[in-house]
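S.K.: Take a look at the letters that make up each chain.
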Amino acid sequence: MYEHDVIVVGAGGAGLRAAIAAHEAGADVAMVTKLHPVRSHTGAAEGGINAALQEGDDWELHAYDTMKGSDYLGDAPAVETLAQNAPEETINLEHWGMPFSREDDGTVSQRPFGGLSYPRTTYAGAETGHHLLHTMYEQVVKRGIQVYDEWYVMDLATTDEDDPNDRECHGVVAYDVQSGNIEGFKANNGVVLATGGPGQAFDHTTNAVSCTGDGHAMAYRAGAPLEDMEFIQFHPTSLPSTGVLISEGVRGEGGILYNSEGERFMFEYGYANNSGELASRDVVARAELTEVGEGRGVDDEYVHLDMRHLGEERIMDRLENILHLAEDFEGVDGLVEPMPVKPGQHYAMGGIEVDENGQTCVDGLYAAGECACVSVHGGNRLGGNALPELIVFGKRAGQHAAGEDLGEPEIRTGYGDDVEDETDTELPVAPGKAGLETSGSVAADGGMATDAEGVLQRKVETAREHVDTLMDKDDGVQHAEIRAKLQQAMTDYVNVFRTEEGVKKALEIIRECREEYQDVYVDDPSRTFNTDLQQTIETRNLIDVAETIALGALVRDEFRGAHWRKEHQERKDEEWLKHTLISWDDGSPSIFYRPVILEGENKTYEPKERSY
Amino acid sequence: MSTQQAEPESQEAPEDPAMKGAESPAAEEQKGGGMVDEHAEKAAELEGETVHIKVFRYDPEVEGKQEPRFDDFHVPFEKGMTVLDSVMYARDEYDSSLTFRHSCRQAVCGSDAFFVNGKQRLGCKTQISDLEQPVRIEPLPHQEVVKDLVVDMDHFYDQMHTVEPYFQDEDTPPVDDLEEQRQSQENREKIKMSSRCIWCGACMSSCNIAAGDNEYLGPAAINKAYKFAMDDREGEEIKEHRLRILEQEHGVWRCQTQFSCTEVCPKDIPLTEHIQELKREAVKKNLKFW
Ligand SMILES: Cc1cc2nc3c(=O)[nH]c(=O)nc-3n(C[C@H](O)[C@H](O)[C@H](O)COP(=O)(O)OP(=O)(O)OC[C@H]3O[C@@H](n4cnc5c(N)ncnc54)[C@H](O)[C@@H]3O)c2cc1C
Ligand code: SF4
Ligand code: FES
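Chains F and H, in that order, are what the protein sequence lines are. 375 is the number that our numbering gives to position 375 of the first sequence; each next residue is one higher, with no gaps. 118 is the number that our numbering gives to position 118 of the second sequence; each next residue is one higher, with no gaps.
Note that these hints are calculated values from the structure, not bench results. Beta carbons: idealized from backbone N, C-alpha and C, even for Gly. A couple of the hints might just be wrong.
To be verified - Output of the computed footprint for chain F on chain H, the stretches with three or more beta carbons under 8 Å from beta carbons of chain F:
hint : segment
1    : 150 to 160
2    : 189 to 196
3    : 207 to 213
4    : 216 to 223
5    : 239 to 249
Chain F with its partners taken away, still in its complex shape (with noise of 0.2 Å):
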């Protein structure tokens, strides 16, 4: 057993940031993470940090741009705390040696983006994601924070309450990619999960092979209910043949977009007549896939964006990785011709509730980065506003588990006295546990530990029967298998565009894959760096995030932000001034809603129409 103060699942942007804050706040903290550190995905982010640093911007500014592009669904304390601690978390970076693009007076160069009254966009070339991380990695290995590299985390250890709210986590299992060993890391003070997306659940996707939820799972079927699932945002400009994202840098910087005909859709036919290109992503996403449906398509798929007219110079300057891109995955010149695009799924607004410290409902577990909802992005993220969510509330997630005072939080957690029940949603399957569980679910085998170390042991020796499992059996069904299967429901049925009867489908689907799920096995008879063994834990994971992307769909019967269904053409104010939460509860999940902050310290924010 190893053993610490906090613990970081996770070594991206907002696990990095956490792991340097509990260390500054004087804790002994660790990081344990499935990819070294270097490996992942915040070093594919592109476009840039949002931060009202200069004169003329302010931070109420970037609060009320990200609140209107939430669709009225962020919490105000949640939006205002990250606008106004993102300048200083920026300037922190650019004093770790984060290499900024510059102006000529050596200060650092913003950009205009996507929903932004002023352009706050920060950068470093087309790269800012790949600097940050390793900015930050770098400060890590200054501090000489432990990092456990290629250690996959399976399990939380987490009492067993009835009530989610009294439950307590002590630590996580985990094993070692490279030996198979399974182990439990104790954390005296807190576990901070820094995992990342889901986006694996999609299977056209400009997220990493290792997006695949793993925090959102551990943490709902540790009792922490996941929030807002069905705000899923498509990124417009993704290559067709790999999903890897073309940066809306280059409509920042005067990309155009045209359909079939050479028609620059986007104003020709009405779908955003101010902002064109730089309307939000889900304004572009549908009006691309609107022009492919009605025929206007470039090979019945995509359109096209061009960046020609900006000249080499400008390019070269600004936008060389998208050469590369285009190039090297799409076989496209992008100073000759313009580059093919379609919408991919890119982000998960939702995630695991957590508060503006990071905290979840269960005590001593948090939650940072795009695993978290807190909720920022609401409806709909705004490009550039992920990565100063994960520096800021990484940040407060690794002080308050270190035992920082950060202030009592406004925002409220777990099932309460403000919530309101889900009563009218005919589900067409049950969604939640198939058959007996042996990982990841509270233990139904009784025995209430309470001590850390006993609910340590606990979890562990069931980790290990569960691999054994797995590995024990000849025969059945592989992950590959019913992973894509997943993959293909959730893109065709919760996609862009989605009706009622689809999202049924979906989750039939999905039910279909958990029972498959029962007969699954690990060929690979290896212990050593066993990746069908962890790729097989994953896809448990896929599934119930995926489930519960699909079971928000259904309920939320409006068009808000990312979230668009068929029958329902409009925000519906009156109803859904309200976040969405399902809670696993114990393998029969209930829904349940919580209704959104708009009281901001200044002011309220009063829903207006969305137009671009």
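Place chain H with the ligands on chain F using the hints.
M.R.: Just chain H with the ligands, lined up with the frame of chain F:
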């Protein structure tokens, strides 16, 4: 843990299986015979063209894999297919125990540097149609093989950590002033290429000097130090401190300017040039002191 060294005798001879402990090509074909047929059958069912890949296999624990061998796979070809796509397909459709690191699929995470047709390349960034078939995919040479295409990266990481790979400056303004340090565009441009490194290890694996001297810092670590040493935001004193680290016995002077690292770097970092420039800087400093 017992590991096997996958070390080609000569990188210039890709046809040579050149695996310590591996069998001759003929024997290997025979041994892999079952696999060939099985996959050939599967391949025949698939319409259109297939690509023939030969993948290095080794597992210290599994009988039949303790002796390194090559397995043949025929995967259906699709336009735009990369080497990584081909091994992912082989794993998902034919043999789930086929093991390799990968994550981003877009040349930013640095997980999937392999030895492909005798050259270090990033799997996700290498179009398979550009390669001669059968495409030989091996783990990075000069590193211990953990399993199949997975090598032990610890030594690489250790070398990276040796050069104090973090920004050091004692006089940054207090952060609540919200004042950034100034940096000229020229200086930012100067460090731009060096800051692109994704820690893939291709350069280190291609370097003969690193192969012969385990303590040599290697091109990636030296390049990391270059990034800081050339950054005007760090003070002169720190720069000197950095140059002293680089000047040591296993530092920049080991480099014999063979350019192999520069040739394989998937991020096009002019590694050899950076090393040369640091040598010149070191000389300048020495002249100043002595
Ligand atoms: C292509 C792309 C471009 C983007 N561009 C921008 C942009 O310009 N601006 C912006 O603001 N946002 C951008 N985003 C969004 C933003 O980059 C991500 O939301 C953010 O980087 C996620 O960071 P994270 O730290 O939460 O997770 P990640 O960086 O994904 O890190 C997750 C970590 O968790 C670890 N982990 C996961 N599961 C386990 C487990 N079971 N056990 C142990 N460890 C585990 C992984 O090893 C990894 O270290 C972009 C996203 C993508 C995909
Ligand atoms: S310098 Fe180039 S080859 Fe070497 S590790 Fe960095 S990216 Fe890879
Ligand atoms: S998979 Fe990330 S660099 Fe190739």
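S.K.: Does each hint fit the structure? Answer for all of them.
M.R.: Tested hints:
no., hint, in the structure
1, 150 to 160, "holds (count 3)"
2, 189 to 196, "holds (count 4)"
3, 207 to 213, "violated (count 0)"
4, 216 to 223, "violated (count 0)"
5, 239 to 249, "violated (count 0)"
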